[in-house]
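Novice: Construct the complete structure from the given sequences, taking the supplied hints into account.
There are 2 protein chains.
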Amino acid sequence: MIRRRQFLTAAPAVAAAAALPMPAIAQSSPELKWRLTSSFPKSLDTLYGVSEVFAKRVAEMTDNKFQIQCFAPGEIVPALQAADAVGNATVEMCHTASYYFVGKDPCFAFGTAIPFGLNARQQNSWFNNGDGSTLFNEFTDKYNIVSLMCGNTGAQMGGWFRKEIKSLEDMKGLKFRIGGFAGRVIQRVGGVPQQIAGGDIYPALEKGTIDGAEWVGPYDDEKLGFAKVAPFYYYPGWWEGGAALCCMINKGKWAELPKHYRAIMQSAAQDAGNWCMGRYDQQNPAALKRLVAGGAQLRPFPQDVMDACWKAAHEIYAEESARNPMFKRLWESHSAFRADSYLWWQVAEQTYDTFQMRQRAKG
Amino acid sequence: MIRRRQFLTAAPAVAAAAALPMPAIAQSSPELKWRLTSSFPKSLDTLYGVSEVFAKRVAEMTDNKFQIQCFAPGEIVPALQAADAVGNATVEMCHTASYYFVGKDPCFAFGTAIPFGLNARQQNSWFNNGDGSTLFNEFTDKYNIVSLMCGNTGAQMGGWFRKEIKSLEDMKGLKFRIGGFAGRVIQRVGGVPQQIAGGDIYPALEKGTIDGAEWVGPYDDEKLGFAKVAPFYYYPGWWEGGAALCCMINKGKWAELPKHYRAIMQSAAQDAGNWCMGRYDQQNPAALKRLVAGGAQLRPFPQDVMDACWKAAHEIYAEESARNPMFKRLWESHSAFRADSYLWWQVAEQTYDTFQMRQRAKG
Numbered sequence: 001m002i003r004r005r006q007f008l009t010a011a012p013a014v015a016a017a018a019a020l021p022m023p024a025i026a027q028s029s030p031e032l033k034w035r036l037t038s039s040f041p042k043s044l045d046t047l048y049g050v051s052e053v054f055a056k057r058v059a060e061m062t063d064n065k066f067q068i069q070c071f072a073p074g075e076i077v078p079a080l081q082a083a084d085a086v087g088n089a090t091v092e093m094c095h096t097a098s099y100y101f102v103g104k105d106p107c108f109a110f111g112t113a114i115p116f117g118l119n120a121r122q123q124n125s126w127f128n129n130g131d132g133s134t135l136f137n138e139f140t141d142k143y144n145i146v147s148l149m150c151g152n153t154g155a156q157m158g159g160w161f162r163k164e165i166k167s168l169e170d171m172k173g174l175k176f177r178i179g180g181f182a183g184r185v186i187q188r189v190g191g192v193p194q195q196i197a198g199g200d201i202y203p204a205l206e207k208g209t210i211d212g213a214e215w216v217g218p219y220d221d222e223k224l225g226f227a228k229v230a231p232f233y234y235y236p237g238w239w240e241g242g243a244a245l246c247c248m249i250n251k252g253k254w255a256e257l258p259k260h261y262r263a264i265m266q267s268a269a270q271d272a273g274n275w276c277m278g279r280y281d282q283q284n285p286a287a288l289k290r291l292v293a294g295g296a297q298l299r300p301f302p303q304d305v306m307d308a309c310w311k312a313a314h315e316i317y318a319e320e321s322a323r324n325p326m327f328k329r330l331w332e333s334h335s336a337f338r339a340d341s342y343l344w345w346q347v348a349e350q351t352y353d354t355f356q357m358r359q360r361a362k363g
Numbered sequence: 001m002i003r004r005r006q007f008l009t010a011a012p013a014v015a016a017a018a019a020l021p022m023p024a025i026a027q028s029s030p031e032l033k034w035r036l037t038s039s040f041p042k043s044l045d046t047l048y049g050v051s052e053v054f055a056k057r058v059a060e061m062t063d064n065k066f067q068i069q070c071f072a073p074g075e076i077v078p079a080l081q082a083a084d085a086v087g088n089a090t091v092e093m094c095h096t097a098s099y100y101f102v103g104k105d106p107c108f109a110f111g112t113a114i115p116f117g118l119n120a121r122q123q124n125s126w127f128n129n130g131d132g133s134t135l136f137n138e139f140t141d142k143y144n145i146v147s148l149m150c151g152n153t154g155a156q157m158g159g160w161f162r163k164e165i166k167s168l169e170d171m172k173g174l175k176f177r178i179g180g181f182a183g184r185v186i187q188r189v190g191g192v193p194q195q196i197a198g199g200d201i202y203p204a205l206e207k208g209t210i211d212g213a214e215w216v217g218p219y220d221d222e223k224l225g226f227a228k229v230a231p232f233y234y235y236p237g238w239w240e241g242g243a244a245l246c247c248m249i250n251k252g253k254w255a256e257l258p259k260h261y262r263a264i265m266q267s268a269a270q271d272a273g274n275w276c277m278g279r280y281d282q283q284n285p286a287a288l289k290r291l292v293a294g295g296a297q298l299r300p301f302p303q304d305v306m307d308a309c310w311k312a313a314h315e316i317y318a319e320e321s322a323r324n325p326m327f328k329r330l331w332e333s334h335s336a337f338r339a340d341s342y343l344w345w346q347v348a349e350q351t352y353d354t355f356q357m358r359q360r361a362k363g
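The listed protein sequences derive, respectively, from chains W and B. Letter by letter, the first sequence follows residues 1 to 363 in the numbering used here. Letter by letter, the second sequence follows residues 1 to 363 in the numbering used here.
Honestly, I wouldn't trust all of these hints.
Since the list gives no way to pick out one identical chain from another, each pair is judged satisfied if it fits inside one copy or across any two copies.
Stated by the list, open to error - Straight-line Cα separation of at most 27 angstroms, DSS-like style, residue types lysine-lysine; simulated pairs: (1) LYS175 with LYS223; (2) LYS65 with LYS207; (3) LYS328 with LYS362; (4) LYS259 with LYS65; (5) LYS259 with LYS311; (6) LYS328 with LYS65; (7) LYS175 with LYS33; (8) LYS65 with LYS253; (9) LYS228 with LYS311; (10) LYS311 with LYS362; (11) LYS328 with LYS163; (12) LYS328 with LYS289; (13) LYS33 with LYS289; (14) LYS328 with LYS42.
Please keep in mind that the hints were generated in silico from the structure rather than gathered at the bench.
Specialist: Rendered as structure tokens:
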């Protein structure tokens, strides 16, 4: 059942043993210093914080023998070059969202989220207990990367808009700051996806250079102050129903580690990942209250927008599957897991949560 | 923010240093053998399996120096004496559901679940990122127990009934196999809670000695074959919206561990806990399909049953809070977290899942 473990402890180590020089590590618990480059700025204290929690856990578990130093984007490697830097061993590892690299290959999306994909718990289950990690690591192996899931944001918000979106018609020509796979979906329903770095979004919204922008969820969004210039705050973020984060580790460096250090990194990734999801679940409610008190107006995406985006996303999955065999394998595994998961989810989870919300609303 | 860590790495170690003999452990990574007694039979391969995954992780991370042997209930300690055996150091640790011990003190419920309490992700967040672990460990400290959360079942099912429950009236006099806190709620709405061990439930349902029985969810329930004798399968299990499992460790034994072994146990508990939740999320859907194909008839609890049980549960919380100050602190923390959590949950999480289910139903 523990396919993730089987893959990570057996396959890469064996493969690497043939291709790499013998590790220069004689002691059973050697002193090591690694560098981790994060793709997230320190101001996003949860996304960046995961890497620090991860490094702290590894240090604690090795009696401070294995030290991992974390760097913000640009300190040693730019945010979007993290995977390249790991693959060519400029740094030993990074912490990132793998879908930043869909420009190389759309398969990278499956390590984070795809539009209308799995929610956070389902993504964990698919990756750790199902086929996810085995397939995704088969894919990243050709980039010399070993991938460990490490964190999740939960279902994100759908972003901030200057004007209300009342129907699909309002998406036509809409300049919306959104990246990667989701941008392709937006384009197909008539929108104009825009790639803008975090710090440039606010002035672009203020001037009207763009009409809307997505970011993460209440806790992270609050820091950027979008409510003042684009007050309509939409949900759900259908392109990130449970966005996972990822530790990517250079394959050769991974193979050189003593086996128990690899085990420690695996459990540290799970532990830091739980810290991340738990912190979002703890911080988002209060941030949402502050945002609404400060003028944010919550709106659900209209049904026809949701339906059109679903259709567009699934057209893209069919097209990618036709031309990319690895994408096809990942998509078929992911979507089969989704169909089964939601069959069960609607019975106990959803009815429990729905009742709890109703009681809350009644006071 | 990392209150769990602050408590677990600082407070008990300091307190124990004064009260306990110096550890007999000179080496920095000593060879240790511990015994873990599980409260779950081996036939429940996920609930029992968590303890084996936990022990395997600890062994892997210590290069096999720290070996924990797992025992099924009755092999060395009966299922429901696990906490006592840990407190008096008969065994070093157990893996259990803390609410088995509500007979000692109802505060034990907060380490697992309370009726209409937090869902699985919220329970993780409250325990690990919020005040949960700090408060719960303050409570279990007087039993000489250090508690680490380790696993969750997700929202459970509401059990199997010989006849349909069409309204609250049908609960009157109903003999329902259910334990602990939830049994008190059932009693207050007119039912007759029954305490029956797992293996005795089937014949009792078959003969009509009882009218219904709750167990866990599809994957575990399937093994007991209730569908044949009590085909009405109700949801949601409002007494266990996210039932957490727990590693309980003898306080003195914990204090004797080298600091990095304690850190390893903490991350192993998180990692094994994720394995548990992920395995239920992976196994329940297929089990549900098999159960329905085999004759199980899914039914939601009627609204008036849900409302009456909610009211009864909250009366009990008020009564316990009036007589038990620790219960009051735990309940106030838990319920405040619940109110905030569901405010946020209904925005992005619930609307995302609802849309996904609708699309699934449409094919």
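Novice: Each hint needs a verdict: does it hold in this structure or not?
Specialist: Evaluation of the provided hints:
1. LYS175 with LYS223: For LYS175 and LYS223, the Cα distance is within 27 angstroms only inside one copy (22 angstroms; across copies 54 angstroms).
2. LYS65 with LYS207: neither (52 angstroms within a copy, 63 angstroms between copies)
3. LYS328 with LYS362: Between copies, since 23 angstroms is at most 27 angstroms while 46 angstroms is not.
4. LYS259 with LYS65: Classified as both: same-chain Cα gap 15 angstroms, cross-chain 13 angstroms, threshold 27 angstroms.
5. LYS259 with LYS311: Cα proximity of LYS259 and LYS311: none, with 46 angstroms in one copy and 53 angstroms across.
6. LYS328 with LYS65: Neither. Shortest intra-copy (42 angstroms) and inter-copy (43 angstroms) distances fail the 27 angstroms Cα cut-off.
7. LYS175 with LYS33: neither (45 angstroms within a copy, 62 angstroms between copies)
8. LYS65 with LYS253: both (16 angstroms within a copy, 24 angstroms between copies)
9. LYS228 with LYS311: neither (33 angstroms within a copy, 42 angstroms between copies)
10. LYS311 with LYS362: Intra 36 angstroms, inter 12 angstroms, cutoff 27 angstroms: inter-copy only.
11. LYS328 with LYS163: Neither, since 38 angstroms and 46 angstroms both go past 27 angstroms.
12. LYS328 with LYS289: between (41 angstroms within a copy, 26 angstroms between copies)
13. LYS33 with LYS289: Neither: 42 angstroms inside a chain and 50 angstroms across chains, both beyond 27 angstroms.
14. LYS328 with LYS42: neither (36 angstroms within a copy, 38 angstroms between copies)
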